[in-house]
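Number of protein chains: 2
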Amino acid sequence: MSSDYVTQKGQPFDRAAFESLLRRKVFLWQSFEPYGSVKGLFDYGPPLESLENEIIQIWREHFIRTEKMMALKCSMLTPYEVLKTSGHVDRFADFMCKDPKTGEILRTDHLIADVLEARLRSDKEARGEQVAEKEEDPKLKKKKAKAAKGAVKLDDAVRDEYNHVLAVLDDYTGEGMGELIKKYDIRNPTTGNEVEPPVSVNLMFQTQIGASSNAPAFLRPETAQGQFLSFQKLFEFSDGQLPFASASIGYSFRNELSPRAGLLRVREFLMAEIEHFVDPEGGKKHPKFSAVKDIKLPLLSRTTQSSGSTKPEYVAIGDAVASKLVDNETLGYFLVRIMQFMQKIGIDMNKLRFRQHMENEMAHYASDCWDCELLNSYGWTECVGCADRSAYDLSVHTKATGVPLSARETLKEPYEVEEWVAVLDKKKSGPKFKKAAKDVENALDALAQDMKEKLSLDMEKNGKVELGVESVEGGKVELEKDVVTFEKQKRMVTTREYVPNVIEPSFGIGRILYSLMEHSYWTREADEARSVLSFPPSVAPIKVLVVPLQRDVRFKPLVEQLEAKLDAKHISYRVDQSGVSIGKRYSRNDELGIPFGITVDFESIEDNTFTLRDRDSTKQVRASEHDIVRAISRMIKGKETWEEVAARLPAFETSQE
Amino acid sequence: MSSDYVTQKGQPFDRAAFESLLRRKVFLWQSFEPYGSVKGLFDYGPPLESLENEIIQIWREHFIRTEKMMALKCSMLTPYEVLKTSGHVDRFADFMCKDPKTGEILRTDHLIADVLEARLRSDKEARGEQVAEKEEDPKLKKKKAKAAKGAVKLDDAVRDEYNHVLAVLDDYTGEGMGELIKKYDIRNPTTGNEVEPPVSVNLMFQTQIGASSNAPAFLRPETAQGQFLSFQKLFEFSDGQLPFASASIGYSFRNELSPRAGLLRVREFLMAEIEHFVDPEGGKKHPKFSAVKDIKLPLLSRTTQSSGSTKPEYVAIGDAVASKLVDNETLGYFLVRIMQFMQKIGIDMNKLRFRQHMENEMAHYASDCWDCELLNSYGWTECVGCADRSAYDLSVHTKATGVPLSARETLKEPYEVEEWVAVLDKKKSGPKFKKAAKDVENALDALAQDMKEKLSLDMEKNGKVELGVESVEGGKVELEKDVVTFEKQKRMVTTREYVPNVIEPSFGIGRILYSLMEHSYWTREADEARSVLSFPPSVAPIKVLVVPLQRDVRFKPLVEQLEAKLDAKHISYRVDQSGVSIGKRYSRNDELGIPFGITVDFESIEDNTFTLRDRDSTKQVRASEHDIVRAISRMIKGKETWEEVAARLPAFETSQE
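Just so you know, the sequences run in chain order A and B. Using my numbering, you'd call the opening residue of the first sequence number 1086 and step up by one each time. Using my numbering, you'd call the opening residue of the second sequence number 1086 and step up by one each time.
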């Protein structure tokens, strides 16, 4: 799979070289290295930390400020009850199998996939077909190589069965996977031991709040729940107007059983989630949809996927919504805005697609769901999920707490309704039911219209009715006609109360950062290959490299003057005064993705001019300090491109690269 | 205490009104309200979330970019071993007492203080002295009032004893506090029950990483440990040059037993921590110290505190370091930079002081420590700790892991030393000690110079020596002179290896935000008092309020034109088109701290001019759209003040306020 993956220049992607660059330039590393590292936890060093901050600020500008969203920060520590209601306590889980002899824990789907894929590879070998190497941990590979017992050919029918199982593995339940393990004699590949049947393991980190153990809590698995619980406050703050969106940039946690794939599956991760609350009536229109309707998106629909193809079609979002391919305007509007964001931060548009969820992939309450997937060397990776969560979350929390999370709208045209009403004579029901009187009243109010009508008929017939009341002995009471009467009453309806639906674009920032780094990576052909990270100037962690031609005290005042100028403009820079050649210094800072370089040379001393180098083209111009700093500032802000700067400032030829 | 606290205009501070504003304008609330809220956890609504982001960006600019620090992001989930080594497993704890009848958990120091303070108040009452009301939870107050049995006069000696205990309560151990509880018959004030003896409870949230329970972990109590463990990587990345600083903005956790005091004691909080690594030799000088040496700081020294005074002295930092009041230049430089940061974000400089830790307050390894304290209605509050952590952390992690966290410096002038060396004849020691041969060699190498010299004399005298070797039976071996000889050898020393010291400024962002909100709050005298939050333009969550004079379709294109203009300049704004009067709309948006208001009126339709209003003075000017937006942009960036704008643009008189 990853062997087909190429850089932006069409070069085969060398993941080992790429990872070596990330380590060497302290982009990231596994956390707690001196203590042996912890899988699935990463520290970001200065370049990646700054890159993340730049991208978060662009996200804030692109979504929160431009779309007038309400930014929230909610707690990560979350009480048990909240996540019980949301369904995470019951459903946020993976199946695992234990190797009883070693105690090793294996994720069941990974185990099955690993073993069947290994058999299929072995089969291919036995058939003399070419085997594509799967990239994996070298240690594990060695162990497996040891465990392999030469190529084994499979029956054609078995081979087809394995391929089918792998294609639909996501649909299996724990029990189903347990049967597969028995049927195919799947064992722990590193030990050859049989494994125990799959058990469900919740993926939330559990802890407790306070000193007594009766307050179990979790680290949240998504930021969404805190936003839902704040709905009523935000609704009031927005003067009762819908639609509005909340947005939250914060950490979530997932206790992966066996984290793999570097930054793509981690235990602690930054998310940026939007909850757009909208009236379900009226087709979920979006006021700004007409401005984007002609923009084309690469859409990989459910139908295309079912036909076995993975080729997206470029469809104008207006057409996609009109044909109901995309469920509604709001969802469509967000897909466009997501693509524009990706473009802004430097994602390769040839490595982006929107994939619609298959029916069985979606949560039961969702009406449509599209993932923005980015291609990287691990394959197509979900980086933004964009789902219509319907009224599910607000409804379940309202039901669990009794605190309404709903919207109320004053009707422009009030209308009259005629309704069955139960009229209780409280002077009689009070003494009769004592403490339970209030419950009886509530039970009467809660009756649906058809039930009230039915009871009215019963009353007419029998002079009494039976009513279910949970809190009394026996669970029901008898009401005579002197206590309650059922009658039809007319009433003006002036307001409408409803539970808003939620459209949720949810961004995994770490996955986007990782994909962006891969998309930005390429190698420059030279005596020896030189790596470059072509971050756009607006997101590059460091904007400018300042290099004096050589170590010479005469350059010092000029360097200091440049530093002061860049500081005044709040532009981040790095000074490289080391003794190596200019070309080498540029080259090693290209690996940090610094877009611009200023060289201080002997001519600078004479006339205060400097050369300005563009990282991607290695072309240079020469101009005064003022013109150069101004050009850099404009390019960072996106007001000018390098091509425009190169066209207006005099070129500088050099042989130093 | 808080009753003396006044607003920036000298008005008595009304905390109830202030808190009501924060709730009304959705600055913050307790998390999970529909589920009954959780103490010590808060959600930030849009104004506070944005305020925090603005302040974090200023912090990044002021510290990370300006001081060329290395920004890091480290994991929150932290393995047991790391925090065992750092001392947090053993020492990050509070003492608590349990009420055995109700199961209630009480923080021991709070319990003792509450009871003794209540008795002292009662005593004052009995003596007919005036009692200052202590601010506290109204529910608790009610309960206590119920438990109180009328005013009780104490003996003078007892009163003095109580006062003394309260003054030094922080110095008591758990055992000591247990004795106080017995001696003074201290009971749970809400129930009157005796409490169990104090037990130490660790304040870290515990969880586990992965599926097996053999990987206990905690949520980190500070961001510092991750930075220490990254030292070696950063040291290499900075080409082996010291000093350098790392910086991390991230969350830490503290499982408070009974959180109080709103945002000041929370369980989940954002910190910004700097670890400045410096060579301990040469007096911890700072290269930029001379630029700040004349700046005066309000310093409350250890000596002043001992004398019973709380009045800080304004001392130039150069003098403070010269007189050793502040231990070294680096610490002094950071104190100045902290004060400048506070000033930049709008902290009232009359409510800021630097308090030196008393000897018994500091960690045993610290050489000096100053807190930047801000005064708010809860009293003086530690908002930044600035400690010299010496070489402690790097040393203990090196010792625990065997992975060196140290610096190596190539000496400019290598020098020769003569040293005692133990020369082992491995041909003989190998067969003699077998498996333990390596341990014997290590034990010899580890001997200090004076021990080697002593053994050399022993060998001369007895022909054999005894050597402690842990791994062998009996713990020691005998070495004859044919196996080992001790001799003096000359050696050139070309490098110096040392453990850097760490100066750590550690910012509690939540406390700073809370204090800033209190410092910004005041009330405008009018028919009815109107609250204002005077955030500086650079930090205000929303920069501009746009108000059309009244509801009129003719204003719509002008409002849209203004919106487009503000959007293009990335300036955040809020449009208030509600039907109430202009004055009322300004007034209610003053509560959000919006610094500037633009009014669209009938004159605007004619000549495209608008009025610009200043929140703090309520003064207005009138100018073209271009001039107004430009003035706002310049004021936000700090390039111009309102006074300067008001002096150059024509004033506009109105009676609408």
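For the record, the hints were derived by calculation from the structure and aren't laboratory data. On a predicted model such as this, the values are computed, not experimentally measured, just so you know. It cannot be assumed that every hint is accurate.
No copy labels: a pair is met if it fits in one copy or bridges any two.
Straight line, CA to CA, 30 Å or less: simulated DSS-like cross-link-like pairs of lysine-lysine [claimed, not checked]:
| no. | residue 1 | residue 2 |
| --- | --- | --- |
| 1 | K1381 | K1650 |
| 2 | K1523 | K1561 |
| 3 | K1537 | K1318 |
| 4 | K1561 | K1573 |
| 5 | K1409 | K1561 |
| 6 | K1539 | K1186 |
| 7 | K1378 | K1641 |
| 8 | K1561 | K1650 |
| 9 | K1497 | K1523 |
| 10 | K1153 | K1724 |
| 11 | K1566 | K1381 |
| 12 | K1512 | K1704 |
| 13 | K1381 | K1513 |
| 14 | K1238 | K1523 |
| 15 | K1539 | K1517 |
| 16 | K1409 | K1513 |
| 17 | K1575 | K1512 |
| 18 | K1722 | K1429 |
| 19 | K1268 | K1183 |
For each hint, the structure was consulted:
1. With identical chains, the CA atoms of K1381 and K1650 are at most 30 Å apart between copies only, with a shortest distance of 28 Å across copies and 43 Å within one.
2. Within a single copy, K1523 and K1561 get their C-alpha atoms as close as 14 Å, which meets the 30 Å cut-off; across copies the closest is 84 Å, which misses it.
3. For the homomeric pair K1537 and K1318, neither the shortest alpha-carbon distance inside one copy (35 Å) nor that between copies (74 Å) is at most 30 Å.
4. Within a single copy, K1561 and K1573 get their C-alpha atoms as close as 24 Å, which meets the 30 Å cut-off; across copies the closest is 101 Å, which misses it.
5. Taking identical chains as interchangeable, the C-alpha atoms of K1409 and K1561 are never at most 30 Å apart, the minima being 48 Å within one chain and 83 Å between chains.
6. Proximity of K1539 and K1186 under a CA criterion of 30 Å is satisfied in neither setting, with 65 Å inside one chain copy and 53 Å between copies.
7. Only between protomers do K1378 and K1641 lie at most 30 Å apart by alpha-carbon distance; the minimum there is 24 Å, versus 55 Å within a single protomer.
8. Taking the shortest alpha-carbon separations for K1561 and K1650, neither the intra-copy value of 82 Å nor the inter-copy value of 66 Å comes in at or below 30 Å.
9. Taking identical chains as interchangeable, the C-alpha atoms of K1497 and K1523 are never at most 30 Å apart, the minima being 35 Å within one chain and 89 Å between chains.
10. In the homo-oligomer, the alpha carbons of K1153 and K1724 lie at most 30 Å apart both inside one protomer (24 Å) and across protomers (27 Å), since each shortest distance falls under that limit.
11. Proximity of K1566 to K1381 under the C-alpha cut-off of 30 Å is found in neither arrangement, the shortest distances being 67 Å within a copy and 86 Å between copies.
12. For the homomeric pair K1512 and K1704, neither the shortest alpha-carbon distance inside one copy (93 Å) nor that between copies (63 Å) is at most 30 Å.
13. Proximity of K1381 to K1513 under the C-alpha cut-off of 30 Å is found in neither arrangement, the shortest distances being 69 Å within a copy and 80 Å between copies.
14. Within a single copy, K1238 and K1523 get their C-alpha atoms no closer than 74 Å, and across copies no closer than 50 Å, so neither meets the 30 Å cut-off.
15. Taking identical chains as interchangeable, the C-alpha atoms of K1539 and K1517 lie at most 30 Å apart only when both belong to the same chain, with a minimum of 24 Å there against 101 Å between chains.
16. When the C-alpha separation of K1409 and K1513 is checked against a cutoff of 30 Å, the pair qualifies neither within a copy, at 57 Å, nor between copies, at 85 Å.
17. In this assembly of identical chains, K1575 and K1512 lie within 30 Å of each other by CA distance solely inside one copy; the values are 25 Å within and 109 Å between copies.
18. For the homomeric pair K1722 and K1429, the shortest alpha-carbon distances inside one copy (12 Å) and between copies (24 Å) are both at most 30 Å.
19. With identical chains, the CA atoms of K1268 and K1183 are at most 30 Å apart within one copy only, with a shortest distance of 18 Å there and 56 Å across copies.
Checked against the numbered hints above, the structure violates hints 3, 5, 6, 8, 9, 11, 12, 13, 14, 16; every other hint is satisfied.
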